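Given next are the chains, with one letter for each unit.
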Amino acid sequence: MAVDALHDSPTAAGSGDSESGRATAPPVPGFRIVPLRGLPIVAVVLAGLVTVIATNTLWGIDFFHVVGGGMWTALDLFLGFVIGPIMGRLSIPARIEFTTRLMPKMILIMPTLVVCTLGAGWQLARHLGDLASTYPEHAWLVAAFIVVAVMAVIALGLLEPANIAVLFELKRPRPNGAVIARLMRRFILTAGVTGALQVATLLIMTRVATS
Amino acid sequence: MTATEPELPPVPARRLPPVAELTVASLALMLAGGVDLAAHLPRHPPLGPVVGLLVGGAVLTAVALTLLSRISPFAWRTFFLVARWSLLAYAVITGVGVFVFLYDHTGGSTLVVLILSLVVFAIDVPTVIAFTAARYEDTGGLPGGQGRPG
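Taken in order, these protein sequences are the chains called L and B.
Throughout the first sequence, residue numbering follows the working numbering, covering 598 to 808 in sequence.
Throughout the second sequence, residue numbering follows the working numbering, covering 89 to 238 in sequence.
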């Protein structure tokens, strides 16, 4: 099953199997864990990021930082505080269908946004002289580094693994509803925590930008 | 949870070594080192604390990988499938990071510590993702699960 886990064949999840402890699960629509059609877009975005950094295009660097950061923040807040509670109230078939459509896209979108925001943000700070310890708001910048690091630990150590594990569980011939529920709870909770931390980032960044 | 949901069976209660916990702890140490470096750059930062964090993280990662290799049975096929692609993805991400620091003329011992921290980071993330994806898989009680590691 793991071999075709990256393919988009539907999973026959309808058969119950009480002996193995699996609940009767609704059918899971076919999906790809990694949406291959999105990879060229990711490649173009990352190539654009490297290009603006290599050519010292300040506008481009600012664009990648602001757009990437804005989308990252908005997505975290939206997932944690809007989509999360909605998903918690959906029926299991609806939740599964929504998950199989949303989560594969998140696998590509979130890391790309994070790399663009942080890579361009670092370069922007370097260009503007904000990295220097003599910069009056340097302490705020270090605070932003700490918040981002905490978010990264949560996102990379808890959220992203839960995201991918849910998709693998849904790919199995008989997905375990309890495993999916536990992992989805973890996903939504950690998305909410990173969303809250994003508010701290917004406060710091707006302060730094207007100082 | 809604009232219409059927009662779910319990999550498979199998005790596994704390691979995810150790890897996430290592990841936290790498990021702490990254914050410390970032707070000092572009000046030459004091490397003692960062090297300490790097060594601590590398030890945690090594322990996690050792414990992981001893799990049997385990869904190794799934683990390596996820680990392989995650490693590729995070190698690209790490590569962008290395490019940025090289471009900024970060060099010498600072660059070495940075790259080593990024290497540990690039091992930690695929490990925790692949372990989480594989840990709930039913290996059917076969000795070694889906083949042995290595």
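Calculated from the structure, these hints are not laboratory results.
Hints are supplied without guarantee of correctness; some may be wrong.
Partial list, computed: chain L residues near chain B (C-beta under 8 angstroms) [as the list claims (entries may be wrong)]:
hint	residue
1	W719
2	L721
3	V739
4	G754
5	E766
Being a predicted model, the structure only gives us computed values, none of them experimental.
Ideal Cβ positions, reconstructed from N, Cα and C, are used throughout, including at glycine.
Status of the hints after comparison with the structure:
1. W719: With a minimum Cβ separation of about 6 angstroms from chain B (threshold 8 angstroms), the hint on W719 of chain L holds.
2. L721: Check failed: Cβ of L721 of chain L comes no nearer than 11 angstroms to chain B, outside 8 angstroms.
3. V739: Since chain B brings a Cβ to about 5 angstroms from V739 of chain L, closer than 8 angstroms, the hint holds.
4. G754: 4 angstroms, holds
5. E766: Status holds, d = 6 angstroms.
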